[in-house]
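Number of protein chains: 2
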Amino acid sequence: MKPLNVAVLGCGVVGSQVVRLLTEQAGDLEARVGAPVRLVGVGVRRIDAPRDVEVPAGLLTTDPAALVARGDLDVVVEVIGGIEPARSLILSALENGASVVTANKALLADDGPTLFEAAEKAGRDLFYEAAVAGAIPILRPLRESLAGDRVTRVIGIVNGTTNFILDKMDTTGAGFEEALEEAQALGYAEADPTADVEGFDAAAKAAILASLAFHSRVTAAEVHREGITDITAADIASASQMGSVVKLLAIAELVPPTGSGQQATDSADGGDGTEGVSVRVHPAMIPRSHPLASVREAFNAVFVESDAAGQLMFYGPGAGGSPTASAVLGDLVTVGRNRLGETRGAGESAYADRVVLPMGETRTRYHIAVDVDDRAGVLAEIAGSFAEEDVSIQTLRQEGRGADAQLVIVTHDATDSQLSRTVERLRGLSCVREVSSVMRVEGMAD
Amino acid sequence: MKPLNVAVLGCGVVGSQVVRLLTEQAGDLEARVGAPVRLVGVGVRRIDAPRDVEVPAGLLTTDPAALVARGDLDVVVEVIGGIEPARSLILSALENGASVVTANKALLADDGPTLFEAAEKAGRDLFYEAAVAGAIPILRPLRESLAGDRVTRVIGIVNGTTNFILDKMDTTGAGFEEALEEAQALGYAEADPTADVEGFDAAAKAAILASLAFHSRVTAAEVHREGITDITAADIASASQMGSVVKLLAIAELVPPTGSGQQATDSADGGDGTEGVSVRVHPAMIPRSHPLASVREAFNAVFVESDAAGQLMFYGPGAGGSPTASAVLGDLVTVGRNRLGETRGAGESAYADRVVLPMGETRTRYHIAVDVDDRAGVLAEIAGSFAEEDVSIQTLRQEGRGADAQLVIVTHDATDSQLSRTVERLRGLSCVREVSSVMRVEGMAD
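Protein sequences appear in the order of chains U and B. Going by our numbering, 159 is the number at position 103 of the first sequence; the sequence numbering is gapless. Going by our numbering, 369 is the number at position 313 of the second sequence; the sequence numbering is gapless.
Among these hints, one or two may not hold up.
[Stated by the list, open to error] Examples of chain U residues toward chain B, derived with CB under 8 Å:
hint	residue
1	Pro193
2	Gly366
3	Gly386
4	Tyr407
5	Ala461
6	Val464
Calculated directly from the structure, the hints in this document are not laboratory data. All figures in this text were calculated on a predicted structure; none of them were measured in a lab. For each residue, glycine too, the CB sits at the ideal point set by N, CA and C.
With the sequences and hints as input, model every part of the structure.
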């Protein structure tokens, strides 16, 4: 039987594991694909770089453009990452008749539609399970298993570095800097941790999840993004006191149109009566009883709510060479079978074409800690600031007395604009010494 | 565009929700399948039975055999359950050119190969995501997402009734009977709870999971099965004392061949040097830190270990009309797309053809509580019984003194035969008043 010709672009942490599995699992892969899977080339930057896997020298090439253009490839696996040359290579691979499996979240979140259109035009598959949450099968379930259901919300812990840092802060009482240093020492954070701790990585994944869950096109630039660098040990302690834990969450949710239910006072959808989507990455407190709260260390998990299925959660390692390679190989088997059957998997569907709402119009809840003067009338003044912005308070408790007096307030659902205006008002009150913590709250009954 | 003709067999708890979703989600389904999805018939026992959904009278029929044989069906959804007439109807549907989506775990675990061969022969799809763990996408990830990986173990909480009962016993200290009554009162257990509490339901699901995970044919009859009716409040308390919780687990694992590693002393694979599988359902203690320990009430979860991906967990509602219907519809979309594309999904693969090992040869660990005389030499006698069967003890602790003296022992890994022989020896010792609890231990480092 004609073998399936596979080329791998990139032979770093993930690529070397892909090459290893292609070799070690050859027998099983052949049984599952229905034809031998043959590695015909590996694009690398330097032929003689040290690698975790032995690649026959004849397969290595520093000319990936020539590799993807050779015309006899069935599948190209792109694990270089970044925008260029990855994009040009993927486009060339598709034009030259190959299907593509990629783990490139940045490229997909930045310029997915260009790739999807090229795949559509070429009549080839473009699969990318490995781009979100590593080994955890989440894109395929969203795309296929829930295809007859209506997903209403996706909440993910999709960045292992920040989860490791926040988990350390929670379990040891460490501050952000200290926890970051430990993460770096253990290899969980890079020397320049910006992409992780500022939420860029999570925002790219949020865009991909939102696009799939809501059959719309959402790019990373449309995702509201806040990182975890401002989270203090006091924030974590405050969360702990209310039985909660702080996580960096990637949230994508359907927002009802104006005039229905909770959104009655906002023009949430641009006024045309269809549902919009809110897509955002920010730290938030979630109750310890929530399934996401028990996601420890560098693990990832994605929590999905849908009309019929209810609440589902998918949990596992979110990064690492070998878990990511597992996801790549899973896609490779499907794409390979499709090639042999001269068919394609379900392409991208953006038929719902939902509008991404500005963060200000998104309804959230706040946990606010305010250091106040301990005197009569303060509570009324504070409560007044909330009332003026039409924000209703769920709980208010006083901590400490005298110079340590602090009010801790958890609000009900309100637009993010209302809430941030309320915080501004609080800062202007003479009885307020400092607004010491402002954090969103998720996963709690309103 | 030619619509996709769908017939539904059964309009009970699940069927009525399938019919509801087919109607309510019609627009989305058309966008996702690529053609309108048209409900053309619903097979029921009684036309005038009360149902949760309104079905146009013209679509109802009490002659399902004629419905599946009409020849213009693209997809038949079978949600009647049980062996007959479900099997005959599915076979007839396939012979008449329809693909089939079913939630029928009993039939699949009992006689799956007959159905798979009929689907293969007809060139049609037979999908059954809803048969295991309700709405949780687990079969598709096993079959497709992990297709390039090597699954080594699947541990599932796949029966909501028993999980509800054990969770109640854990949180309230109730005995089995009391917890069962509460489950029945709340609708989580049936009037005759045998299929659930004796582990038959879980065993069918274990057979399906093992077949998929290990590309072999495993039937329910080959699954070692123990239920939860003998679990006492004392067992739960004893588990709690060692930081564990008792769950009814469906376990399917690869067992290394004779001569390699742990299996060195056993003929685990029939002697031909390939890996065998152990498939079993029994209650077991698992540490509270294990992800499965936090699965509460009637929820289900499946924990999967594989070489490359590591540890994954899938969590969600394991039963109920609407969650199960979500899984059915997910399959329906894929099967529908395949019909339009004149292709098929990956069929069943049993190429690995692994041998199911007898329970006696399976390596497990035991937690044993023994009421003993409180006198010198007892410990040596007890330890001697373990030594004679070559079972090594991990921990041994004494509880109480005098007439209340009890020894609690946790063993290392040994064959189930060795362990049960050890328990027999203990029962024969004069210093042993009673072996008060014997339970397997899972998910703990050996």
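Hints breached by this structure: The structure breaks hints 5 and 6; every other hint is satisfied.
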